[in-house]
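Modelling step: build the complete structure from the supplied sequences, incorporating the hints.
What follows is the residue order along each chain.
Number of protein chains: 2
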Amino acid sequence: MKFKIDAVSTGGMKTVVKAGKFEIIIDEPKNLGGTDEGANPLELVLAALAGCYTVVGNLVAREMGFDLNGLNMKIEGEMNPARFAGKSSDERAGFKNINIKLLPDSSADKETLEKWALAVEDRCPVTDNITNRTPFNVEIG
Amino acid sequence: MKFKIDAVSTGGMKTVVKAGKFEIIIDEPKNLGGTDEGANPLELVLAALAGCYTVVGNLVAREMGFDLNGLNMKIEGEMNPARFAGKSSDERAGFKNINIKLLPDSSADKETLEKWALAVEDRCPVTDNITNRTPFNVEIG
Numbered sequence: 845m846k847f848k849i850d851a852v853s854t855g856g857m858k859t860v861v862k863a864g865k866f867e868i869i870i871d872e873p874k875n876l877g878g879t880d881e882g883a884n885p886l887e888l889v890l891a892a893l894a895g896c897y898t899v900v901g902n903l904v905a906r907e908m909g910f911d912l913n914g915l916n917m918k919i920e921g922e923m924n925p926a927r928f929a930g931k932s933s934d935e936r937a938g939f940k941n942i943n944i945k946l947l948p949d950s951s952a953d954k955e956t957l958e959k960w961a962l963a964v965e966d967r968c969p970v971t972d973n974i975t976n977r978t979p980f981n982v983e984i985g
Numbered sequence: 845m846k847f848k849i850d851a852v853s854t855g856g857m858k859t860v861v862k863a864g865k866f867e868i869i870i871d872e873p874k875n876l877g878g879t880d881e882g883a884n885p886l887e888l889v890l891a892a893l894a895g896c897y898t899v900v901g902n903l904v905a906r907e908m909g910f911d912l913n914g915l916n917m918k919i920e921g922e923m924n925p926a927r928f929a930g931k932s933s934d935e936r937a938g939f940k941n942i943n944i945k946l947l948p949d950s951s952a953d954k955e956t957l958e959k960w961a962l963a964v965e966d967r968c969p970v971t972d973n974i975t976n977r978t979p980f981n982v983e984i985g
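Respectively, the protein sequence lines represent chains G and X. Position 136, counted from 1, in the first sequence is what our numbering calls 980; the numbers after and before it change by one each time, with no gaps. Position 96, counted from 1, in the second sequence is what our numbering calls 940; the numbers after and before it change by one each time, with no gaps.
None of these hints come from the bench; they were simulated from the model. Be aware that a few hints might be false.
[To be verified] In silico negatives: residues of chain G with every beta carbon more than 10 Å from chain X:
| hint | residue |
| --- | --- |
| 1 | 853 |
| 2 | 909 |
| 3 | 910 |
| 4 | 934 |
[As the list claims (entries may be wrong)] Below are the DSS-like pairs computed for lysine-lysine, each with C-alpha atoms no more than 27 Å apart in a straight line:
| hint | chain 1 | residue 1 | chain 2 | residue 2 |
| --- | --- | --- | --- | --- |
| 5 | X | 865 | G | 865 |
| 6 | G | 940 | X | 940 |
| 7 | G | 865 | X | 959 |
| 8 | G | 954 | X | 848 |
| 9 | G | 931 | G | 954 |
| 10 | G | 959 | X | 940 |
| 11 | G | 931 | X | 862 |
| 12 | X | 931 | G | 959 |
| 13 | X | 931 | G | 862 |
| 14 | X | 862 | G | 945 |
Backbone N, C-alpha and C define an ideal beta-carbon position, used for all residues, glycine too.
Have a look at this one:
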């Protein structure tokens, strides 16, 4: 199963992504040289995690036979911008850690929700790509 | 440096993410139980990579002293949905590999662009989080 996107930037920090019929604008604030028209790339990583928890969370709740009437999430990631900025290679470029707080709206008990959260973490594709290594191939066309 | 998002789903496959003043809609097509209002979580991962290549690509081109008038990208990832669907745990849940094709609009020669691409890969936070392991903490609030 393949997923594909096409993306275009026209010389600035802004990227216009086409994912099927949907368009996603990614940008940086003006003080970082962008035009402030969209969320930044790291916020998109956290957004992808949230979207994945929703989809897999619903799937697993249905399988486990409990109601999931809604799911609020607070996600944060911490990073050091030194490598990104070309100032130092001592630390990694990306998030050093990511914390996700799940606030499910459900009548299920705590034990059930804990089992659910573990199953969702195991089956969520985005969590897998964040927590494990993924081969990455770059080609200049 | 911290990045944060808040996300809400109201019982379906759709997630509404607030990233600062920006809103991102993530959804699934109707045949997968969604309402087809936005790109899916895995497309968002690829979009985040594109956004990161644009930002770091511009930064590094400026440092190396060549013109980068635009950057087109084609990104694809391959995955097996068996684990996501709860059918098998034999394979990983997420992308098994990701390919990115960079089509820079620049007068720089091939050797310069290859050096540029290596530097961008090293300094791009999203690439780091995809290609390396990242600690991930889940809390049920």
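Against the earlier hints, flag every one the structure doesn't satisfy and list their numbers going up. Hints 1, 7, 9, 11, 13 not satisfied by this model.
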